[in-house]
Amino acid sequence: MIIKLAVLLPFLAAALIPLVHKFIKREQIGWFVLAVPILLFVLISSYIPHTANGKTYMHTLEWIPSLSINFTTYLDGLSMIFGLLITGVGSLVILYSNFYLSAKESLHHFYCYLLLFMGAMLGVVFSDNLLVLYTFWELTSVSSFLLIAFWHHRKASRAGARKAMVITVSGGVAMLVGFLMLYAMTNTFSIRELIAQVDVIQQHELFIPALLCVLLGAFTKSAQFPFHIWLPDAMEAPTPVSAYLHSATMVKAGIYLVARMTPIFVGVPTWFWLVTSIGLLTLIWGSFNAVRQNDLKALLAYSTISQLGLIMSLLGIGSLAFAFEFSDALTPVFALAGFTALFHLVNHSTFKGALFMMVGIVDHEVGTRDLRRLGGLLPFMPLTFSIALIGAFSMAGLPPFNGFLSKEMFFTAVTHLDSFNVFSLGSAVVWIPVVAWVASVFTFVYSMILIFKTFFGNYHPERLDKEPHEAPFGMLVSPFILCALVVLIFFFPNVLGHYILQPALASVYPSFPLEDITPHISPWHGFNTELFMTLGVIAVGIILYKTKRYWSYVYTFLQPRHSFNALYEWVITTTENNSQRVTNQYMNGYLVHYFTYIYIIFVGIIGSYFVLSGAFTFDPSKDSKVETFELMLVCLVACAAVALLFAKSRLSSVLINGLIGYCVGFFFIIFRAPDLALTQLVVESVTTALFLLSFKYLPHIKPEVASMATKWRNAIISVAVGSLVTLIGLTVVNYDKFEPISTYFEDSYELAGGKNIVNAILGDFRAFDTMLEVVVLFIAGLGVYTLIKLRNRKEAADIENK
Amino acid sequence: MESVMVILVGILVTVATYLILSRNLIRVILGTALLSHAVHLLILTMGSLKKGNVPLLSDSDGPYTDALPQALILTAIVISFAVTAFVLVLTFRTYGTNKTDDLQKLRGNADE
Chain A
337 MIIKLAVLLP FLAAALIPLV HKFIKREQIG WFVLAVPILL FVLISSYIPH
387 TANGKTYMHT LEWIPSLSIN FTTYLDGLSM IFGLLITGVG SLVILYSNFY
437 LSAKESLHHF YCYLLLFMGA MLGVVFSDNL LVLYTFWELT SVSSFLLIAF
487 WHHRKASRAG ARKAMVITVS GGVAMLVGFL MLYAMTNTFS IRELIAQVDV
537 IQQHELFIPA LLCVLLGAFT KSAQFPFHIW LPDAMEAPTP VSAYLHSATM
587 VKAGIYLVAR MTPIFVGVPT WFWLVTSIGL LTLIWGSFNA VRQNDLKALL
637 AYSTISQLGL IMSLLGIGSL AFAFEFSDAL TPVFALAGFT ALFHLVNHST
687 FKGALFMMVG IVDHEVGTRD LRRLGGLLPF MPLTFSIALI GAFSMAGLPP
737 FNGFLSKEMF FTAVTHLDSF NVFSLGSAVV WIPVVAWVAS VFTFVYSMIL
787 IFKTFFGNYH PERLDKEPHE APFGMLVSPF ILCALVVLIF FFPNVLGHYI
837 LQPALASVYP SFPLEDITPH ISPWHGFNTE LFMTLGVIAV GIILYKTKRY
887 WSYVYTFLQP RHSFNALYEW VITTTENNSQ RVTNQYMNGY LVHYFTYIYI
937 IFVGIIGSYF VLSGAFTFDP SKDSKVETFE LMLVCLVACA AVALLFAKSR
987 LSSVLINGLI GYCVGFFFII FRAPDLALTQ LVVESVTTAL FLLSFKYLPH
1037 IKPEVASMAT KWRNAIISVA VGSLVTLIGL TVVNYDKFEP ISTYFEDSYE
1087 LAGGKNIVNA ILGDFRAFDT MLEVVVLFIA GLGVYTLIKL RNRKEAADIE
1137 NK
Chain B
2 MESVMVILVG ILVTVATYLI LSRNLIRVIL GTALLSHAVH LLILTMGSLK
52 KGNVPLLSDS DGPYTDALPQ ALILTAIVIS FAVTAFVLVL TFRTYGTNKT
102 DDLQKLRGNA DE
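From first to last, the protein sequence lines stand for chains A and B. Counting with the working numbering, you get residues 337 to 1138 for the letters of the first sequence. Counting with the working numbering, you get residues 2 to 113 for the letters of the second sequence.
Isolated chain A (complex conformation) (with noise of 0.2 Å):
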């Protein structure tokens, strides 16, 4: 229940801030809000001792149960590790844009839809109910789209913020059909009865469909090979941002549904090789990409998306422990990878958090963050230096950082693959650990880059917009306090294995014993193949970084044209043009032509089916007697009717059209309906005057210019309607397979006490609807006013212009 107020409170503050801001300095808003992820942290790690034991909690708050859609949250583990991050670095990330962003920013706006983001990426890892996890999830979507174009009037922003919607949410709907999938499996949206019928699923037809969808949506989300193309792009957002949502936590949701969804996929080769080469694939990609930038927050989108590629192929290397019963010799081995997994997205979280807000200080201070522009800076920023140490070195995998630990741990993953043979891997033995270590030199190529071009070098004053100088205290603590994590967590990683990964670890592996699968994590393991691959990384990456001006023509092989980045243009392009041509076409602005296509569906669809099911049937048995001065009256209105085409004076016109409205009125007098025929009568008059009234305003009706082709058409279209319409009522207007309801009204007066029961059912059975007609009336009355009103005060406006 309390985790459910943990979800919704940001929303709730989220919807007060537009309500407060205005009672409040602009540059305090950030204050208050900072409040709610710092509760929220609080909070959520309140319950670690408890998670730590291995206790879950769960609430359920039935939604739409008939539907299976309850509002389930689910506290384990694995949701505890993301609860942290999101409102841990989301606090930090708080303090720091307090001091990032001016108070000239719309800081309602920001704050808005950071609050927003917060509470649907809590609703996305504490949600037990797929629908449910859904809908937040397309939620972390559009915020982070709100987020990226924030500086809206920016072009590559919203260029940015559309490839990163498009792209996510198209995976998204892509995981939703591999959710529905699952459902139509099970019968059940819950990811814990899902997991209880593993063996159904797996059984099924749908499995691999199913499997594809999710990882299709995983895979948008975190960025990987060859949907990373939107982070780069999305880094046009406010740094705070980019260090929140696109490094810390919202890229991680695709990390984190598959280690939430490995217990129910696992078992098959399909899953095994996709996350594993995908995640491989990304990892070599992003890195070898991050070295040729030269904006520094583009490096750090790419080596982003190669640390979220490591975690990823990780974990499909961790899911390999499920191949075979448990036994003590080999499940470790395996369920280390998956351990390590969840260690280095804590790890990734906090060197590439610090890392981004020393890129944002640099920005803010020196005003560039092209690396061709920048150098020499360490005289004048020696703390933010610090910070730029401290966490590439961890990114590159280097003692006294949290990063060396959790690399030479996936080292020691990839190297033992050979331990036992599953799903054929073959040659795959041997390249898996070559790709993981040239990435991972890329990887300690361009954290050396980031260091030494920034802050070492020459320096030219020329070159940058402001003086540089140290950034202010406010700025400077968050960062710090991530880089004394990623410091601590190397001197005592088995505290946070302990209390946080390895309660985690029972979420992705339920079967296993955890004691003998949590790995007991310390920085020196003597000399083994691991650390003879980290002392490879530093020479090749030393040799590499200085070499760098002789092999970085590599690059040119890659031109542009043939990216992704191409190909999505082109597809965005080529949709955008082909649409608009298609909309151009049909939505022309001719009245007459959008009636048209009424019509001709009407018939065509509904004509068709009447036609085809043989629905027809004619049975004048059943009518009434047809009275002499009936038929005349019927004549008359159909003459009048017909007399109305050619009538050549609109005043003509109006009273044949009066006299058809007289003559329906007569008709109801015969047909036993006086209330109607009075207010028929009554109407009828208003409406003619009316008419007349308008005509002393409006033109004349010009005789139709129309060619003979277009009347034609039209009197086809119209004798088309006119006769379905009469096939229709002929057929149903003898009807007698219900009863009518009529007879209930006829006890109106033991009912409603009204004697005339049209009355008593306007204004007793059915006063609503009535009540609502005279809103209508209301509505119609204001209209006509509204529109006399506004010629009035034009005119006056025209002659004071003059």
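FYI, nobody ran anything at the bench for these hints, they're computed from the structure. Note that the coordinates shown come from a computational prediction; the quantities given were computed from them, not determined experimentally. Heads up, some of the hints might be wrong.
The calculated lysine-lysine pairs, modelled on DSS-like cross-linking and capped at a C-alpha distance of 30 Å, are [as the list claims (entries may be wrong)]:
1. A:K491 with A:K789
2. B:K52 with A:K958
3. A:K491 with A:K884
4. A:K1125 with B:K100
5. A:K358 with A:K440
6. A:K1032 with A:K884
7. B:K51 with A:K1125
8. A:K789 with A:K884
9. A:K984 with A:K1073
10. A:K440 with A:K802
11. A:K961 with B:K106
12. A:K1032 with A:K984
13. A:K958 with A:K1073
14. A:K789 with A:K802
15. B:K100 with A:K961
16. B:K51 with A:K1047
17. A:K1073 with B:K100
18. B:K100 with A:K1032
19. B:K106 with A:K1091
20. B:K51 with A:K1032
21. B:K52 with A:K984
22. A:K1073 with B:K106
23. A:K958 with B:K106
24. A:K984 with B:K100
25. B:K100 with A:K1091
26. A:K1047 with B:K106
27. A:K802 with A:K361
28. A:K361 with A:K440
Derived list of chain A stretches under chain B, where covered just means 3 residues or more per stretch with a C-beta under 8 Å from a C-beta of chain B [stated by the list, open to error]:
29. 473-480
30. 987-1001
31. 1046-1058
Just so you know, even glycine gets a beta-carbon here, dropped at the ideal spot from N, CA and C.
Following the hints, position chain B against chain A.
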């Protein structure tokens, strides 16, 4: 009688459709007015005609003619009156602003 009325409704609908498809705004309004007449008659006919007394309890002991369609039509008459009045004023404004009542000329600019 019912069949005759349905045929009459068909004729009215045909004429109304033709008028609605015309280019002249006033003829379109006349078409909608005519269409509402046709629909009122159609609803009344669907409840069968002349097979009972006037639905007034004080007037006779029944059987009464179907009162429900009458109640529906009463609502419909008032609403169609409101709509006609509104559309007339709208036409009057449109003509005042654009100096034409030809729908072909009233379709706005291509980039709107």
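Structure-based check of all given hints:
1. A hinted pair counts as satisfied when its Cα atoms are at most 30 Å apart, and K491 of chain A with K789 of chain A qualifies at roughly 29 Å.
2. Taking the CA atoms of K52 of chain B and K958 of chain A, the gap is about 10 Å. The hint holds against a cut of 30 Å.
3. A distance of roughly 33 Å separates the Cα atoms of K491 of chain A and K884 of chain A; the hinted pair therefore is violated under the 30 Å criterion.
4. Only pairs whose Cα atoms come within 30 Å are accepted, and K1125 of chain A paired with K100 of chain B is accepted, the gap being roughly 19 Å.
5. Our distance criterion of 30 Å between C-alpha atoms is met by K358 of chain A and K440 of chain A, whose separation comes to about 14 Å.
6. Of the supplied pair hints, the one linking K1032 of chain A and K884 of chain A is violated, its CA atoms being roughly 85 Å apart against a limit of 30 Å.
7. With a C-alpha separation of about 48 Å, the suggested pairing of K51 of chain B with K1125 of chain A is violated against the 30 Å cut-off.
8. Note on K789 of chain A and K884 of chain A: the hinted pairing holds, with a Cα-Cα distance of about 12 Å set against a maximum of 30 Å.
9. Simply put, K984 of chain A and K1073 of chain A have alpha-carbon atoms about 47 Å apart, too far for the 30 Å limit, and the pair is violated.
10. Of the supplied pair hints, the one linking K440 of chain A and K802 of chain A holds, its CA atoms being roughly 19 Å apart against a limit of 30 Å.
11. Annotation: proposed proximity of K961 of chain A to K106 of chain B is violated, straight-line Cα distance about 50 Å (limit 30 Å).
12. At most 30 Å may separate the alpha-carbon atoms for a hinted pair to count; K1032 of chain A and K984 of chain A meet this at roughly 17 Å.
13. The hinted pair formed by K958 of chain A and K1073 of chain A meets the criterion: a straight-line CA distance of about 15 Å does not exceed 30 Å.
14. Taking the CA atoms of K789 of chain A and K802 of chain A, the gap is about 18 Å. The hint holds against a cut of 30 Å.
15. About 52 Å separates the Cα atoms of K100 of chain B and K961 of chain A, which puts this hinted pair outside 30 Å; it is violated.
16. With a CA separation close to 39 Å, the supplied pair K51 of chain B and K1047 of chain A exceeds the 30 Å bound.
17. Simply put, K1073 of chain A and K100 of chain B have alpha-carbon atoms about 55 Å apart, too far for the 30 Å limit, and the pair is violated.
18. For the proposed pair K100 of chain B and K1032 of chain A, the alpha carbon gap of about 14 Å is at most 30 Å, so the pair holds.
19. For the given pair, K106 of chain B sits about 54 Å from K1091 of chain A by alpha-carbon distance, which is inconsistent with the 30 Å threshold.
20. A threshold of 30 Å between alpha carbons decides the hint, and for K51 of chain B with K1032 of chain A the separation of about 42 Å lies outside it, so the pair is violated.
21. Between K52 of chain B and K984 of chain A the alpha-carbon distance is near 41 Å, which puts this suggested pair outside the 30 Å criterion.
22. For a cut-off of 30 Å, the pair hint linking K1073 of chain A to K106 of chain B is broken: about 50 Å separates their Cα positions.
23. For a cut-off of 30 Å, the pair hint linking K958 of chain A to K106 of chain B is broken: about 51 Å separates their Cα positions.
24. Distance hint between K984 of chain A and K100 of chain B is fulfilled; the C-alpha atoms sit about 21 Å from each other, no more than 30 Å.
25. For a cut-off of 30 Å, the pair hint linking K100 of chain B to K1091 of chain A is broken: about 53 Å separates their Cα positions.
26. The straight-line distance between the Cα atoms of K1047 of chain A and K106 of chain B is roughly 18 Å, inside the 30 Å bound, and the hint therefore holds.
27. As the CA atoms of K802 of chain A and K361 of chain A are separated by approximately 28 Å, the hinted pair is consistent with the 30 Å bound.
28. About 12 Å separates the Cα atoms of K361 of chain A and K440 of chain A, which keeps this hinted pair within 30 Å; it holds.
29. Counting residues of the stretch 473-480 of chain A whose C-beta lies closer than 8 Å to any C-beta of chain B gives 0; at least three are required, and the coverage claim is violated.
30. Given a C-beta distance limit of less than 8 Å, the hint that chain B covers the stretch 987-1001 of chain A holds, as 6 residues qualify and 3 suffice.
31. Counting residues of the stretch 1046-1058 of chain A whose CB lies closer than 8 Å to any CB of chain B gives 7, so the stated coverage by that chain holds, three being the minimum.
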